[in-house]
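This is what each chain is made of:
2 protein chains.
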Amino acid sequence: MEVFKKHVFVCVSGKTCPTEGSVDVCDALRKEISERGLKTQIRINKAACFDQCGNGPMVVVYPEGVWYSHVQPADAKEIVESHLIGNKPVERLLYDGRGRIT
Amino acid sequence: MEVFKKHVFVCVSGKTCPTEGSVDVCDALRKEISERGLKTQIRINKAACFDQCGNGPMVVVYPEGVWYSHVQPADAKEIVESHLIGNKPVERLLYDGRGRIT
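Chains R and U, in that order, give the protein sequences.
Residue 96 in our numbering is what sits at position 96 of the first sequence, and the numbering runs on without skipping anything.
Residue 1081 in our numbering is what sits at position 81 of the second sequence, and the numbering runs on without skipping anything.
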């Protein structure tokens, strides 16, 4: 019943993410996916608030449930290549529900 | 690194979901979660288009990646009790990327 190999949600709502550039992060991820012809396999979705305000821009990748905080557009290429294609999460951006892990 | 036990996304965008009552579905799911005191464990998020237009209101539950189509507010209690709490997906609503499974 797999609809997408990876389903990525970018918070573009709430108190802080929109003011921290989350839409630019979403656009950057989409550009990397589109350029690689992966749009039918990997979905980048805008979403409303994840209730993690202050840690944004926030990104969560399912089905694995890997969370990233303070993501910048410049991180998009690494997230796509290492994690979304290579299945190796980008450790320096990992978030555990309280803050950055590393 | 689990932030939520279940992370539920309801499409409230795109061509069809908003006209089919998806916001009411989101509200109904939130009411069931709130009444049971589960808001910190189970997150019901509004999201933009899942590219499954015509099958809405669409709901996807992660981390398991279970998809539901044509969800109605009246289905919310069963989704919450059977699936989100009981881990038993509601088979009659299951969606596989093309249409209803059953």
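These are calculated hints, taken from the structure and not from any lab test.
By construction, the Cβ of each residue, glycine as well, lies at the ideal position given by its N, Cα and C atoms.
Fair warning: there could be bad hints in the mix.
To be verified - One side of the interface only, derived from the structure: several residues of chain R facing chain U at Cβ under 10 Å:
hint : residue
1    : F9
2    : V12
3    : T16
4    : E35
5    : G37
6    : L38
7    : T40
8    : K46
9    : F50
10   : C53
11   : G54
12   : P63
13   : W67
14   : H70
15   : Y95
To be verified - Listed below are the simulated BS3-like cross-link pairs for lysine-lysine, each with C-alpha atoms no more than 27 Å apart in a straight line:
hint : chain 1 : residue 1 : chain 2 : residue 2
16   : R       : K15       : U       : K1088
17   : U       : K1088     : R       : K31
18   : R       : K39       : U       : K1039
Exercise for the section: Mind listing which of the numbered hints don't hold for this structure, in increasing order? Expected result: 3, 4, 5, 6, 10, 11, 14, 16, 17, 18
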